[in-house]
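Sequence lines, in order, name chains A and B. Going left to right, the first sequence walks through residues 1 to 252 as this note's numbering numbers them. Going left to right, the second sequence walks through residues 1001 to 1462 as this note's numbering numbers them.
Just so you know, the hints here were simulated from the structure itself, not pulled from any lab data. Source: prediction; values computed, not measured. Virtual Cβ for every residue (Gly too), placed ideally from N, Cα, C. Be aware that a few hints might be false.
Cut-off 27 Å, straight-line C-alpha distance, at most; resulting in silico cross-link-like pairs (DSS-like, lysine-lysine) [claimed, not checked]:
| no. | chain 1 | residue 1 | chain 2 | residue 2 |
| --- | --- | --- | --- | --- |
| 1 | A | Lys-103 | A | Lys-80 |
| 2 | B | Lys-1005 | B | Lys-1440 |
| 3 | B | Lys-1190 | B | Lys-1097 |
| 4 | A | Lys-236 | A | Lys-30 |
| 5 | B | Lys-1440 | A | Lys-77 |
| 6 | B | Lys-1457 | A | Lys-12 |
| 7 | A | Lys-80 | B | Lys-1457 |
| 8 | B | Lys-1347 | A | Lys-103 |
| 9 | A | Lys-30 | B | Lys-1461 |
| 10 | A | Lys-103 | B | Lys-1350 |
| 11 | A | Lys-30 | B | Lys-1457 |
| 12 | A | Lys-80 | A | Lys-7 |
| 13 | B | Lys-1005 | B | Lys-1461 |
| 14 | B | Lys-1413 | A | Lys-77 |
| 15 | A | Lys-77 | B | Lys-1461 |
| 16 | B | Lys-1190 | B | Lys-1102 |
Some but not every residue of chain A turned toward chain B, in silico, with C-beta under 7 Å [to be verified]:
| no. | residue |
| --- | --- |
| 17 | Leu-99 |
| 18 | Arg-150 |
| 19 | Phe-190 |
| 20 | Arg-230 |
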Amino acid sequence: MTPTISKPNGRKIQLMATCLCDAFFDNVAKATVEVLEHAGCEVEFPENQTCCGQPAFNCGDWTASRQVMRHTANVFKGDKPVIVPSGSCAAMLFHGAPLEFEKESDLGTINDLAGRTWEIADYLVNGLGIQKWPGRFQARIAFHRACHTRGTPSGAAAMQLLESIEGIEVIPFGEAEQCCGFGGTFSVSFPHVSSSMGCLKLEHITAVDPDFVVSGDMSCMMHLGGLAEREGKPIKTLHFVQILQAALQNHA
Amino acid sequence: MPEQKVDSYARRLDRPVQQAVHDNSAAGTEKRYGSLAKDFTDADSLRRLAGAIRQHSIENLDIYLEQAEASLNRNGAHVHYAVTADDACRAVSDILKKAGAKKIVKSKSMISEEIHLNDHLATQGIESVETDLGEYIIQIDGDHPSHIVKPIIHKNRRDIARSFEREGLGDYNDDPQTITRRARDFMRGKYLGADAGITGANFVVADTGRLVLVTNEGNSRFCLAAPRIHIALVGIEKVIPSDSELTVLLNLLGRSATGQQLTVYTEFINGPARKDRPSGPEEMHVIFVDNQRSEILASNCREILRCIRCGACLNVCPIYRQASGHAYRSVYPGPIGAVLSPLLAGKNFKQLADLPKASSLCGACNEVCPVDIPIPDLLLRLRNKAHEEHLPSPGTPPMAGFGILASSPSIWKIAMKTGGLSSLVPLEKLPLPYLSPWLKTRTLPGWRGGQFRSWMKSRNKK
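Let the sequences and hints guide you as you build the complete structure.
This is the structure we're talking about:
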């Protein structure tokens, strides 16, 4: 994965809310806006945004994926930083897209977008230089590092902010480096392996009995939350920006 | 709906076997991490350096291979080239026949598995005994390795004790020390009676012609102690420029494979016996095997040829841990196999084109790879290749419609709003075949399509 170096880090930003937040997790998108605004950002939400194209990319249909990515690049044109509350969708923009456009004539446009795209924790800590998050949130949390942030500063950045909040205790759990089993369409084309991976992850997480399971990617949370609910042992999941938002509400 | 083969294999796999594979792999991952962290403050940069060394080696293979041939000849070894697996098998049996060799002992070599050497030798009336304990057990069981480094990761000591009893190696006894001692007693006779020893090579150094072999059992040394002839089967990509690169690669190989600083035995073989170097076989042959490697080198997946066969990607892979090695239906399982096996299949790519799909693309394999192979990128390229070749992929939703939907914002916005209608009927009743595998084990959150958009709009109006 591409490390974030010398990306534009201004405070006038474009928000890519992601299709999952568009369809299911409006609260996460709202929290993202409020967190960014607290950090002094002017948030623009380009109305014509849809999806990063990753489902088609992962299925091998790069023609369909490039069609979506061209649309996305057009929607997010300009020179503002593009902030994404998902390590996976961000990685699609800055890593996946340049791969699928390797031999395309508009690779330059795609590289331009890649060079402006930030996963939100990385942007807050390494873009804006925020080292501590104000407020208080009383909870023991298990933080699941989303796989598509491997090799990027995002996981460490999210942990740094979470641990800086008064009242938060981040508790370690077993086999933390392992995937939750989601993997996009993998979860439906390999239902047995995918579910087994998720159940193993849940076993490790529930063994330490956290108040919340937290991640920077709602796809992982949707998978683990859905598995736990189907098993009749629901867990409380949150995106880490929701904790930042909640901490602000408890800010004196 | 038709199933993905790896998924259905994993579903049918015996629980104790799955548990053994999982536990053993997870332990391997822990050991690897510990041994690297103990000795290197920045293991990641070492990994990248090793990746650059291997990439340089394969991109200049035309130069280094010629250089290796010249060096090997200078050292007194005979060099052969084999384009296909059949060529490689024939090269071995031709050498053996010419020398009148009937009995051989073999140390562990993935390329010999790849070309199915033992099957070929059997048809030629040549006895070939695997001397690595794991490989020997595989051989007497008529089984296949399920891990690159730990071939019998799927077996337990009770299975092995039964096999030994069946082979007449003593009464049933599942004590590991007893099993090992019996194997050793049996092997000693085989080493002494063998006409030739066959090995692989972990590296071939171009400028010195040195063959480097790493093992933990010392069996490869025995294979070269008594027999007159040494045949080394080597993939053409194993060549590296000089000895100095070994300092990086050997430091990473043992740690990545088994969490050892170095394997117990590291052998440097500088050619056959001669006056000033009296020990070892009189005759040495090195067979460089291509078997599709040139094609891979010419493809957009050439980085896979950096691989030094440590197995770290298998150990860390959650799919391997659930499905075990045999699910991959090929010599190389796990993430490395999901890339390499379909490529080695060449014209039969189609038969293994499902393997690159058997990944959640979590990237753990790349993170542990000692030569920094971008395995997820290569899996994606192979998925794209399979799609371009119109190969079927069970359970994978077609994406053309998604492409249109997600590039047409007005339709997208309507779909977001009307998706809420799904809450009026039970999801299970919807005619969405790709939803049912999800819903079988997972619930979906309630549909809230368009809510964020409305919220954002109402804020902007204020």
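Hint-by-hint comparison with the structure:
1. A:Lys-103 with A:Lys-80: Distance of about 26 Å is within 27 Å: holds.
2. B:Lys-1005 with B:Lys-1440: holds, 19 Å
3. B:Lys-1190 with B:Lys-1097: holds, 19 Å
4. A:Lys-236 with A:Lys-30: Distance ~18 Å between A:Lys-236 and A:Lys-30 Cα, so the pair holds.
5. B:Lys-1440 with A:Lys-77: The given pair, whose Cα atoms are some 41 Å apart, is violated under the 27 Å limit.
6. B:Lys-1457 with A:Lys-12: Distance ~18 Å between B:Lys-1457 and A:Lys-12 Cα, so the pair holds.
7. A:Lys-80 with B:Lys-1457: holds, 20 Å
8. B:Lys-1347 with A:Lys-103: holds, 25 Å
9. A:Lys-30 with B:Lys-1461: Judged against 27 Å, a Cα distance of about 16 Å means the pair holds.
10. A:Lys-103 with B:Lys-1350: The given pair, whose Cα atoms are some 24 Å apart, holds under the 27 Å limit.
11. A:Lys-30 with B:Lys-1457: Holds: A:Lys-30 and B:Lys-1457 sit about 12 Å apart, inside 27 Å.
12. A:Lys-80 with A:Lys-7: Given that 27 Å is the threshold and the Cα spacing comes to 10 Å, the pair holds.
13. B:Lys-1005 with B:Lys-1461: violated, 54 Å
14. B:Lys-1413 with A:Lys-77: holds, 20 Å
15. A:Lys-77 with B:Lys-1461: With Cα atoms ~24 Å apart, A:Lys-77 and B:Lys-1461 stay inside 27 Å; holds.
16. B:Lys-1190 with B:Lys-1102: holds, 12 Å
17. Leu-99: holds, 6 Å
18. Arg-150: holds, 5 Å
19. Phe-190: With a minimum Cβ separation of about 4 Å from chain B (threshold 7 Å), the hint on A:Phe-190 holds.
20. Arg-230: holds, 5 Å
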